[in-house]
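There are 2 protein chains.
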Amino acid sequence: MFCAALTPFNADLSPDHALFAAHCKRLLDDGCTGIAMLGTTGEANSLSSRERMDLLEAVLKSGVAPSQLLPGTGVASFMETVELTKHALAQGVQTVVMLPPFYYKGVSDDGIVAAYSEIIERIDDPRLRVVLYHIPQMSSVPLSLDVIARLREKFPQTVVGIKDSSGDFANMSAIVERFPGFSVLVGADPLMLSLLPKGGAGCITATSNLVASDLATVFAGYADEARQPQVAAAQERIVAARNTVSRFAQMASLKTLLAKRYGHDSWTRQRPPLTPLTAEEAATVNASFDAS
Amino acid sequence: MFCAALTPFNADLSPDHALFAAHCKRLLDDGCTGIAMLGTTGEANSLSSRERMDLLEAVLKSGVAPSQLLPGTGVASFMETVELTKHALAQGVQTVVMLPPFYYKGVSDDGIVAAYSEIIERIDDPRLRVVLYHIPQMSSVPLSLDVIARLREKFPQTVVGIKDSSGDFANMSAIVERFPGFSVLVGADPLMLSLLPKGGAGCITATSNLVASDLATVFAGYADEARQPQVAAAQERIVAARNTVSRFAQMASLKTLLAKRYGHDSWTRQRPPLTPLTAEEAATVNASFDAS
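Going down the list, the protein sequences come from chains A and B. Just so you know, we're using the working numbering here: the first sequence kicks off at 1 and counts up by one. Just so you know, we're using the working numbering here: the second sequence kicks off at 1 and counts up by one.
The reader is advised that the hints may include incorrect statements.
Since the list gives no way to pick out one identical chain from another, each pair is judged satisfied if it fits inside one copy or across any two copies.
[To be verified] With a cut-off of at most 25 angstroms between alpha-carbon atoms, the simulated SDA-like pairs for lysine to any residue come out as follows:
| id | residue 1 | residue 2 |
| --- | --- | --- |
| 1 | 105 | 266 |
| 2 | 105 | 10 |
| 3 | 260 | 243 |
| 4 | 105 | 167 |
| 5 | 154 | 94 |
| 6 | 25 | 136 |
| 7 | 105 | 190 |
| 8 | 105 | 247 |
| 9 | 105 | 166 |
| 10 | 260 | 125 |
| 11 | 105 | 191 |
| 12 | 154 | 13 |
| 13 | 105 | 248 |
| 14 | 260 | 240 |
| 15 | 105 | 145 |
In short, the hints are calculated from the structure, not lab data. Every value quoted in this text rests on a predicted model; they were computed, and no experiment measured them.
Throw the hints in and build the complete structure from the sequences for me.
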């Protein structure tokens, strides 16, 4: 159960390393297996390669173990995906979440397989573990079941899982059924409870920035008859939180709530082209969360 | 009249600097006003920042003047857009073609204006001239008329034009009509002839890699009664070439034809996720071009 961690920014929009590291530790204390930092939710694609590497190093330096981090390393240029992934490996991190190259649209399955192959072969490191990243509403480059099959066959030790952020439960279920032993991590918090009994591996989600302990309760207890009341109550809070942060822009809403929790403005900032909530929206979100 | 130059690659997929520089010179000899290198057609978003800067420097070193180059510098992270643009300015290049940040989708006009503003203000160089880049089918981040209006008002000396690659003639016409003095460069070769009389500034196109002299004929002669026969004949060849390269993937088709023209394999290669034509497709494209 991984949190797609949000990234706080200083007034000059540089990543706030100290606040971010403290947030990661809180998430781990709350029961997260690890932190999927530098993903869509973390605004990684609004950061430079240097900023991404610096943030990863800062978190490690703060005492978080490399095995607890699943950084996103997939960018538009496969050359830079290679650089970012090699950097993560050099820091002791073995598992990365990797977007396909996302600038060109309408690319073929052959092209997507070629891109991942080029990256994995150029990195050429037996330690590497890749979680593919399917988020078609943002990347506009969907990963088909055929792409997964071909990459699994070509790199069975390396391509170990997928983050499915499509929100399409039928797609996640199909992947779980077709690829036993392949880790399917759901990207939408409320769906984890339904995917786990089918063989899902867990989640990488945004709302867990706020309700990590509830997600941890569901993850640990979903199959335990005796813990069903706690699991049900936690799931209810997860759904309520998700509804609250889905009224307006989700990331901005989560940041608004974290700014309140931590009492720090760095949490409200977003890098353009994303924008923070208006004061009115923020008040609505805060009231809604407090009431739930 | 600018060519959106294709990029040849060596066997290891590194950009072939010498072939690229030679191609740029041929395009200028054929009558191009300048070279819009490192755009969508140039596979720039499959290159690292370092590779982009090296290619720009190589072309300049080969003797092409900075004033003849319009490099693309817009990437997903505004931090790197700033770096690439500052590098171009440091090389003497003043005009760049700038994509909006293209990872996040469904962003607001406020967010797009904020992103361009952040970039222009961080660069803070009075020499800078920005051509906005509207290519919604690839970036998935359209630039509305309202975004153009706001950026023109905020940065009247800097935001001087737009490349409209939407293929939507009504949109280009609307921009020309609403913003006198703003340079609208059409992204589809056959449309330039229709946009010029309305006040269009010219084009940045892909097919001109192949038929630059014909585009130059149209550009120079469209308003001259005496040159209408030559203009019409050139336009016919442009349309035929465009039809030929639109049967299969356009960039791969153009590269196939350039590989034949220049007799060099580097021209056939594409970086993943794009893929070259199959042998059969290539034969069809070559035959079709020879016949036209």
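Do the hints match the structure? See the list:
| no. | hint | result |
| --- | --- | --- |
| 1 | 105 <-> 266 | between (34 angstroms within a copy, 23 angstroms between copies) |
| 2 | 105 <-> 10 | between (34 angstroms within a copy, 24 angstroms between copies) |
| 3 | 260 <-> 243 | within (18 angstroms within a copy, 58 angstroms between copies) |
| 4 | 105 <-> 167 | both (20 angstroms within a copy, 16 angstroms between copies) |
| 5 | 154 <-> 94 | within (19 angstroms within a copy, 46 angstroms between copies) |
| 6 | 25 <-> 136 | neither (30 angstroms within a copy, 40 angstroms between copies) |
| 7 | 105 <-> 190 | between (30 angstroms within a copy, 23 angstroms between copies) |
| 8 | 105 <-> 247 | between (29 angstroms within a copy, 17 angstroms between copies) |
| 9 | 105 <-> 166 | both (17 angstroms within a copy, 14 angstroms between copies) |
| 10 | 260 <-> 125 | neither (42 angstroms within a copy, 38 angstroms between copies) |
| 11 | 105 <-> 191 | between (28 angstroms within a copy, 23 angstroms between copies) |
| 12 | 154 <-> 13 | between (41 angstroms within a copy, 21 angstroms between copies) |
| 13 | 105 <-> 248 | between (28 angstroms within a copy, 15 angstroms between copies) |
| 14 | 260 <-> 240 | within (18 angstroms within a copy, 62 angstroms between copies) |
| 15 | 105 <-> 145 | both (18 angstroms within a copy, 24 angstroms between copies) |
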